[in-house]
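J.: With the hints as extra help, turn the sequences into a complete structure.
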Amino acid sequence: MKRFTSSLALGAFVLALLAPLALAQGTAPAKTSPAKTAPAAEKSLPAKAATAAQKAMPARTAPAKAALLDLNTATNAELAQLPGIGPAYAEKIVAGRPYKAKSELVSKKIVPAAVYAKIQKLVVAKQATAAKK
Numbered sequence: 192m193k194r195f196t197s198s199l200a201l202g203a204f205v206l207a208l209l210a211p212l213a214l215a216q217g218t219a220p221a222k223t224s225p226a227k228t229a230p231a232a233e234k235s236l237p238a239k240a241a242t243a244a245q246k247a248m249p250a251r252t253a254p255a256k257a258a259l260l261d262l263n264t265a266t267n268a269e270l271a272q273l274p275g276i277g278p279a280y281a282e283k284i285v286a287g288r289p290y291k292a293k294s295e296l297v298s299k300k301i302v303p304a305a306v307y308a309k310i311q312k313l314v315v316a317k318q319a320t321a322a323k324k
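The numbering of the sequence shown is this note's numbering, which starts it at 192 and goes up by one.
Fair warning: there could be bad hints in the mix.
Quick list of simulated restraints, FRET-style, between CB atoms [as the list claims (entries may be wrong)]: (1) Ala304 <-> Thr264: 22 to 28 Å; (2) Asp261 <-> Ala207: 47 to 53 Å; (3) Gln272 <-> Ala207: 44 to 50 Å; (4) Gln311 <-> Pro289: 16 to 22 Å; (5) Lys291 <-> Phe204: 55 to 61 Å; (6) Lys283 <-> Gln318: 16 to 22 Å; (7) Lys312 <-> Ala207: 35 to 41 Å; (8) Ala203 <-> Ala305: 48 to 54 Å; (9) Thr320 <-> Lys299: 20 to 26 Å; (10) Ala304 <-> Phe204: 48 to 54 Å.
Honestly, the hints are just simulated from the structure, not real lab data. We treat Cβ as the ideally placed atom computed from N, Cα and C, and that holds for glycine.
T.: Pasting the structure below:
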């Protein structure tokens, strides 16, 4: 009876550790019976709990990256779709080409720093490659 009670308590402890992970993921935790988890957990609780937590979490995949908009080749319409960029800023960006780096939008005073902060992860300034002789 004492072994059953300790096994039940250990199983509840493991489930208590995994519950926040499952709730954060929006899925229910895998149901395990205390009798199955207790013998393995008795050997090394911290290592087994960490392993169980890793198994309970689904594999994370990197979100698909949207194609970055090239400041040196984008059209006015494409630039105007960026957050904080309207037709006027799009025209100024096109007029200031070519750019060596996307940060030149701020250093050349094409767009304010606040607008640049909104678009810096969405744009890139690719360099044209010279033709080989």
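J.: Hints first: check each against the structure and report whether it holds.
T.: We went through each hint and held it up to the structure:
no.	hint	result
1	Ala304 <-> Thr264: 22 to 28 Å	holds (24 Å)
2	Asp261 <-> Ala207: 47 to 53 Å	holds (51 Å)
3	Gln272 <-> Ala207: 44 to 50 Å	holds (48 Å)
4	Gln311 <-> Pro289: 16 to 22 Å	holds (18 Å)
5	Lys291 <-> Phe204: 55 to 61 Å	holds (58 Å)
6	Lys283 <-> Gln318: 16 to 22 Å	holds (21 Å)
7	Lys312 <-> Ala207: 35 to 41 Å	holds (38 Å)
8	Ala203 <-> Ala305: 48 to 54 Å	holds (51 Å)
9	Thr320 <-> Lys299: 20 to 26 Å	holds (23 Å)
10	Ala304 <-> Phe204: 48 to 54 Å	holds (51 Å)
Every hint from the earlier list agrees with this structure, and none is contradicted.
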